[in-house]
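Going down the list, the sequences are from chains A and B. For the first sequence, the working numbering gives the first residue as 3, with consecutive numbering after it. For the second sequence, the working numbering gives the first residue as 205, with consecutive numbering after it.
Calculated directly from the structure, the hints in this document are not laboratory data. These numbers were taken from a predicted model, which means no experiment stands behind them. It is possible that some hints are incorrect.
[Claimed, not checked] Pair ranges (Cβ atoms, derived):
(1) B/GLN594 to A/PRO440: 51 to 59 Å
(2) A/THR365 to B/GLU422: 56 to 64 Å
(3) B/THR644 to A/GLU368: 27 to 35 Å
(4) A/ARG69 to B/PHE331: 35 to 43 Å
(5) A/TYR31 to B/PRO225: 26 to 34 Å
(6) B/ALA394 to A/HIS65: 35 to 43 Å
(7) A/GLU368 to B/THR462: 48 to 56 Å
(8) A/TYR31 to B/ALA394: 52 to 60 Å
[Stated by the list, open to error] Among the chain B residues that face chain A by a calculated CB cut under 7 Å, a handful are:
(9) MET249
(10) VAL301
(11) ASP304
(12) ASP306
(13) GLN308
(14) ARG441
We put the CB at the ideal spot given by N, CA and C, even for glycine.
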Amino acid sequence: MADLSTNLAGIKSPNPFWVASGPPSNTGYQAHRAFEAGWGGVVWKTIGAPIVNVASRYSALNHGPDRMVGFNNIELISDRSPEKNFREIAEVKARWPHHAVIASLMVETREQWHEFVKRAADAGADGIELNFGCPHGMCERGMGSAVGQQPAVAEKITSWVMEVATIPVIVKLTPNVTDVTAVARAARRAGANALSLINTINSITNVNLDTFVPEPTVAGRSSHGGYCGPAVKPIALNMVQSCAADPDVRLPISGIGGIATWRDAAEFIALGSTSVQVCTAIMHYGFRIVEDMHEGLSSYLDSKGMKSVTELIGRSVPTLQKWETLDLHWQRVARIDYAKCIGCNLCYIACEDGAHQCIDLKTPEELGLDLGPGRVPHKPVPKVREDDCVGCNLCSLVCPVDDCIKMTVIDNGQPPMSWSNYQEKLAAGEMQPIPPHP
Amino acid sequence: MPLQPLLPAATIAANMAELKPALRRQEALVEANRCLYCFDAPCIMACPAGIDVPAFIKKIAHGNPVAAAKTILTANILGASCARVCPTSVLCEGACVLEDRDEQPIQIGRLQRYATDYVAERGIKVFSLPAQTSGKRVAVIGAGPAGLACAAELAQLGHTVVVFEKQARPGGLNTYGIAYYKMKPDVSLAEAELVGSLGVELRCGLTIGKDLTVAQLEKAFDAIFVGVGLGAATRLRIPGENLPEVVDALDFIDQIHTHPLDRVPIGRRVVVIGAGNTAIDAVTQSLRLGAEQATVVYRRSEGDMSAYNFEYQLAKHDGARFLFNVMPVEVRGSAGHVIGLRLVRTRAGADGRPEPIPETEYIEPCDLVLKAVGQEKQVALLRQLFPALQIDSRGVIAHDPLTGQTNVPHIFTGGDCANGGREVVNAVGEGKKAAHGIHTFLTKETATPLVQPSRLGAKQGSSGSGLLSPIRAHELVEALKK
Ligand SMILES: Cc1cc2nc3c(=O)[nH]c(=O)nc-3n(C[C@H](O)[C@H](O)[C@H](O)COP(=O)(O)OP(=O)(O)OC[C@H]3O[C@@H](n4cnc5c(N)ncnc54)[C@H](O)[C@@H]3O)c2cc1C
Ligand SMILES: Cc1cc2nc3c(=O)[nH]c(=O)nc-3n(C[C@H](O)[C@H](O)[C@H](O)COP(=O)(O)O)c2cc1C
Ligand code: SF4
Ligand code: SF4
Ligand code: SF4
Chain A
3 MADLSTNLAG
13 IKSPNPFWVA
23 SGPPSNTGYQ
33 AHRAFEAGWG
43 GVVWKTIGAP
53 IVNVASRYSA
63 LNHGPDRMVG
73 FNNIELISDR
83 SPEKNFREIA
93 EVKARWPHHA
103 VIASLMVETR
113 EQWHEFVKRA
123 ADAGADGIEL
133 NFGCPHGMCE
143 RGMGSAVGQQ
153 PAVAEKITSW
163 VMEVATIPVI
173 VKLTPNVTDV
183 TAVARAARRA
193 GANALSLINT
203 INSITNVNLD
213 TFVPEPTVAG
223 RSSHGGYCGP
233 AVKPIALNMV
243 QSCAADPDVR
253 LPISGIGGIA
263 TWRDAAEFIA
273 LGSTSVQVCT
283 AIMHYGFRIV
293 EDMHEGLSSY
303 LDSKGMKSVT
313 ELIGRSVPTL
323 QKWETLDLHW
333 QRVARIDYAK
343 CIGCNLCYIA
353 CEDGAHQCID
363 LKTPEELGLD
373 LGPGRVPHKP
383 VPKVREDDCV
393 GCNLCSLVCP
403 VDDCIKMTVI
413 DNGQPPMSWS
423 NYQEKLAAGE
433 MQPIPPHP
Chain B
205 MPLQPLLPAA
215 TIAANMAELK
225 PALRRQEALV
235 EANRCLYCFD
245 APCIMACPAG
255 IDVPAFIKKI
265 AHGNPVAAAK
275 TILTANILGA
285 SCARVCPTSV
295 LCEGACVLED
305 RDEQPIQIGR
315 LQRYATDYVA
325 ERGIKVFSLP
335 AQTSGKRVAV
345 IGAGPAGLAC
355 AAELAQLGHT
365 VVVFEKQARP
375 GGLNTYGIAY
385 YKMKPDVSLA
395 EAELVGSLGV
405 ELRCGLTIGK
415 DLTVAQLEKA
425 FDAIFVGVGL
435 GAATRLRIPG
445 ENLPEVVDAL
455 DFIDQIHTHP
465 LDRVPIGRRV
475 VVIGAGNTAI
485 DAVTQSLRLG
495 AEQATVVYRR
505 SEGDMSAYNF
515 EYQLAKHDGA
525 RFLFNVMPVE
535 VRGSAGHVIG
545 LRLVRTRAGA
555 DGRPEPIPET
565 EYIEPCDLVL
575 KAVGQEKQVA
585 LLRQLFPALQ
595 IDSRGVIAHD
605 PLTGQTNVPH
615 IFTGGDCANG
625 GREVVNAVGE
635 GKKAAHGIHT
645 FLTKETATPL
655 VQPSRLGAKQ
665 GSSGSGLLSP
675 IRAHELVEAL
685 KK
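Same shape as in the complex, but just chain A (with noise of 0.2 Å):
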C-alpha cells in the first residue's frame, strides 16, 4: 500500500484529503466526525469578527438529472464567535493530535492579524490559511477577494502575518483574477510558506423567471455570490498547474476546486497539489466520500508503482507547455469500432454542424458492412473521411459509447515541426507558407 501520508510546509497529515474552510468544517463536532470518516486535515472555517448571515444563502447548477454540478453561495465567513471556535480547534487537537488542523483567518487590521494569528497558535492549530478569496459580502467591507485581488495589498497583509507567525502559513488564492500567478509571486515575496487556491468564482446560477430574481433569493433582491463545485474543476486545475510552473512562486500548493473522486484529486496532485481540499462534494454527499477518495488513490498509485504519494505531486505539471511548441505535423483521425457503436449519429450531425463534415451517413450495404440485420435495418451508419479528418476529438467526445470512436494515431512520415520551428524555417526561407485549409 502507497504511502499517503502528507507534509505540506511542515504541516502533515496522514493523508492528502482535508476539509476546505466551509460549512462542513465549521464546529469541532464536525472535525471530529471528519476523522473520524477518514480526513487527513480539516482548514476550520474562516474565524473573524463575527458576522451576520442571510437566510437562503445557497443555489446550485443543475445539469439534466445531476443535481449540483456547480455550486453558489453568497454566505459569509464563521458566523461563531472566535473564542468558541479556537477553543473547539484546541480540543479537537488534544483528541486528533497526528491530523492537520488549520485555522483560517479573515480580520482587517494589522493588530487584528498579530491578535488572531497568535490566538490559532495558541489553540494548538497546525497552519493558519488567510483567506485573500471570498468573493462575496466581505470584499464589500474590504476584506476577501478584495485583499486577493490586488498583488500588493496581499503582499502587504501576508507580511503582517509572517511578523508574528510561529506555525506555517498558506495564503488562499481568489480565481477572480485575470493572471492568478501574480498574487502567488506577491505572497511568496511575503514570506509565506504555501499556497491553497482556488477560492470560490463570481456567479449567479440561475435567474427565476417567474419573479426575474437570481437565486438565492433574499426578499426579492439577490446577490453575486461564490460558484464552486464539479463545474469549477477545470478552472481551478489550470490555476494550480500555473502557480506550480512558475518559476517566481516555487511554494507548495493546497489545491482546491470541485474535487469529489480520487480521481480529481490524483489530476490536482498530479498538476502540483501537495494536499486536496473538499468542500462542496462533503455538502452534498457527507464526510463519507473520503473512504472510495482514499481507497482509490492507494491502488491507483499502487498500480503504477508509487510508494509514495509524494512521487504523484507534479508529475504532469511539464507536460503543460505552450502551443507554439506543440507539434503541428502530428496526425489523428477518428475510426469508429462498429462491433460497439450504438448508431445514435451524434457523432455525425456534431462534425456536420460543429466541426469539418467529415463523416457520411451510409447504409452498411453502400460501405460494404455486414453489421447483421440491427434494430433498423439499413439504417445508415456514420463513416468518417479520414483524408478531411483534422483530428479534432469532437465526434469521440460526443460520442456515448466508451472507447466506441477511437483517435488513432496516423504516421504521416513527416518530421515533427512546431509553430516555432515553422517561423524559424519561413523566416529562413527553408520552406514555403503551409497553405490555408480549404
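Go by the hints and put chain B with the ligands onto chain A.
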C-alpha cells in the same frame, strides 16, 4: 346456465386499472433526460406516424411539455391513444439505441402520454388552422383511426371534411376494441373531439350503403377516403357454433366498452380460440372479469403464435392457460348452453399446415367460447359500395402505398381495410399519407413533405419515416426474411 357477471365492481375496476400508469413530472424528467437525442434517430424511423421522438423528448426534458405535445400531435393526431396502445417494444422503443448500450430503452410511449395528457388536461390548443379554405370537400367513410387521421390532416391543409360513421360513437376499434387495461374509451373519444375542433364534421350513426349511398357522396364531395376497417370475426364452421355462449371476441370486448364492467357476463371456464393479439386481449380480460380458468387453444405451436411476445407474457402472468397443437371440432352443448369444446390434437402436415391426429379427440369443459381467429375482410361490403374498386388477393383494397390512391382516382384508402389489419398507429400513418395524396389530387400541388426537423442538414434524401418513404423496423425485417 346463462352467463353472469362474477365479480363486484370494485374488484373489476382494480383488475382493469391501467397497466402502464401516467408518469409523474419528476419521473418524466428523469426519463426524458436519459434520451441521447440521437440524430436521424432510429426511433423516428420505427414510428409509422413519423413522430420526431428525440425532439419531443428534449422538449419535455427542458420543461416545455406544450411544445412536446405539439410535435407529437402534428405528426400523430391520435398521439394520446397511441401513447397507450402502441406495441412500442416492436416499434419506437424496439429501435431505441440504448438497448445496444445494455440499458432499458427510453419509455417513449409513456413520455408521449405525459406530454399529450398535459395539454389535454389543461385544454391547451396546439393547432392553428389555415386562414383560408380550399373550397374542396372530402368525405371520409369510417371514424376509426385511419379516417380521423386523414380528416385531421385534410382540415389542416384547408379542405372541408365530413366523416361518416355507422357506430353511435367515433373512434372505431380504438373506442370499442382496445383492451380495457391499456386504455379507456374516453381517451379515444376526446381525440375524436380534437379532430372535430379542427373543423371536421363528424356524423355518427350513419351507415354508408344504407343511410346514404356512395353515389350521393360522390355528388357532394370531390374525393372520398375509405377507412372502414375489417369485419366481424371469422367463423369457425364447426357444429355448435350457434350456441349462445359462442361469442365473437370482438363482441365480448365491445361489451366491456359499452356496459358497466360489473354487468358484463363472463364464464367460469373460458376458452379462447386463436392465438393472435385479439385472443390475448380476450383471455386476459376474461380473467380480469373473474373467469376461474381461461384457456387459449391454438392449432399450431407456440412458436407460430402471431401475438407479440410481450402480450403472450402478460397473458401467462395473468394465469392464462395455453394449449398448443389442438384444434376445435365441435362445441358441445347441453340444454341449449355450452358445456365444453371438443378438441383434436394436431401435427404439422406435409405442407406445414396443421392436420388432426386421428383418435386424439378430447373434451375441454367450458361455459364460454370466444372466437378470435381473425376478422373477416370487408370484401362483400366493398364490392357492394364500390363495384369498380380493385381488391387484391388478400381481400384488401389495392392502393398506392405512398398516396393511398386506389384504381378509382378520387377514392383513397388506408388503415385495416387497406393493410389487412395492423395497429392504430399504422392506420394513422396511412390516413395521413392519404390526406396528402388527396391534397395533391385536389390541388395538383404537392403538400410540403413532412420531413423530420432533426433530419435537416443530412446530405442524403429523407429516409426517416415522415411521409415520403416510411421505414418500419418490423416491416423491413419481414421483407428481409422473404
Ligand atoms: C381486439 C383488438 C385489439 C386491438 N388492440 C390494439 C392495440 O392494443 N394497439 C394497437 O395499436 N392496435 C390494436 N388493434 C388494432 C387497431 O384497433 C386497428 O388497427 C385500428 O383501429 C384500425 O383503424 P381503422 O380506422 O383502419 O379501422 P377501425 O378502427 O376498424 O375503424 C373503422 C370504422 O369504420 C366504420 N365503418 C365501417 N363500415 C362503415 C360504413 N359502411 N359506413 C360508415 N362507417 C363504417 C366502423 O364502424 C369503424 O368505426 C386491435 C384490434 C383489435 C381487433
Ligand atoms: C457555503 C460555502 C462557504 C464557504 N466559506 C468559506 C470560508 O469561510 N472561507 C474560505 O476560505 N472558503 C470558503 N468557501 C470556499 C471553499 O473552501 C472552497 O474553496 C470552494 O468551495 C471550492 O471547493 P469545492 O469545489 O470543493 O467546494 C466556502 C464555500 C462554500 C460553498
Ligand atoms: S475528429 Fe473532428 S474532424 Fe475528425 S471526424 Fe471527428 S469531429 Fe470530424
Ligand atoms: S456517436 Fe458513437 S455510437 Fe453514436 S453513431 Fe457515432 S460512433 Fe456510433
Ligand atoms: S433512439 Fe432512444 S435514445 Fe435515441 S433519440 Fe430515440 S428514444 Fe432517444
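| task | Taking the numbered hints from earlier one at a time, note which ones the structure violates and give those numbers from smallest to largest. | result | 2, 5, 12, 13 and 14
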